[in-house]
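Go by the hints and put chain B onto chain A.
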Amino acid sequence: AAGVIQSPRHLIKEKRETATLKCYPIPRHDTVYWYQQGPGQDPQFLISFYEKMQSDKGSIPDRFSAQQFSDYHSELNMSSLELGDSALYFCASSSRQGREKLFFGSGTQLSVL
Amino acid sequence: KQEVTQIPAALSVPEGENLVLNCSFTDSAIYNLQWFRQDPGKGLTSLLLIQSSQREQTSGRLNASLDKSSGRSTLYIAASQPGDSATYLCAADTGRRALTFGSGTRLQVQP
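Quick mapping for you: the protein sequence lines, in order, are chains A and B.
Positions 9 to 121 (the numbering used here) are the ones given, in order, by the first sequence.
Positions 46 to 156 (the numbering used here) are the ones given, in order, by the second sequence.
Worth flagging that the hints you see were computed from the coordinates, not collected in a lab.
Take the hints with a grain of salt, since some may be wrong.
[To be verified] Mimicking SDA-like on lysine to any residue, the simulated pairs with C-alpha atoms at most 25 angstroms apart in a straight line are: (1) A/109 / A/96; (2) A/30 / B/104; (3) A/65 / B/65; (4) A/109 / B/104; (5) B/46 / A/62; (6) B/87 / A/19; (7) B/46 / A/69; (8) A/109 / B/128; (9) B/113 / B/65; (10) B/87 / A/78; (11) A/109 / B/121.
[Claimed, not checked] Stretch by stretch, here's where chain A covers chain B in the computed footprint (C-beta under 8 angstroms, at least three residues): (12) 84-90; (13) 144-154.
Nothing here was measured: the structure is a model prediction, and the numbers come from that model.
No residue lacks a Cβ here, since even glycine has one placed at the ideal position from N, Cα and C.
Just chain A, same shape as in the assembly:
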């Protein structure tokens, strides 16, 4: 069965650079979520989209933005990267506006040097 696909798996950036993370949800899922998991920490919700519209916002810095495209894939754009942005970034998708299980991708490991 198709799963949530994230790219790239690993990304190394310098401070003040920009990064773009991509997420391809499970087909026919209508909701996409982004989470950030720092080393040894639990995942923190960043932002979500339902039917290509932003539906909820968590602890996402102003330096980050995200969108969902017509084919339902989503991108998380991160600018002016800081050392503290180093983390595992997960995308998840679900159907029925999130009332069903969330399925997570394998994540993108971002390292900011």
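Below, chain B alone, put in the same frame as chain A:
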């Protein structure tokens, strides 16, 4: 603001034991509660989802219960195996289409 707590933070048991992982949440107005498994450096695998109207869900050797009134959920793992070693996270959905996660229980099953 919803807060989710998991006890214990870490657990080491010999193979074959039955064990219980605990999860508590402060806001009982949840839509559902979900249990996940996470292997080191990997993604989250959904194990069980309990809707607010349900009391428990079962999948193989796993059983999860939910008591909304007391703000608690438990994950019961029967006949534990070394392959069960991982971090187990519970997460509460309070209807904002986002999950609030606990810090997890790191489980080590000794062969």
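Practice problem: Kindly indicate which numbered hints from before are broken by the structure, ordering the numbers from low to high. | Solution: 2, 3 and 10
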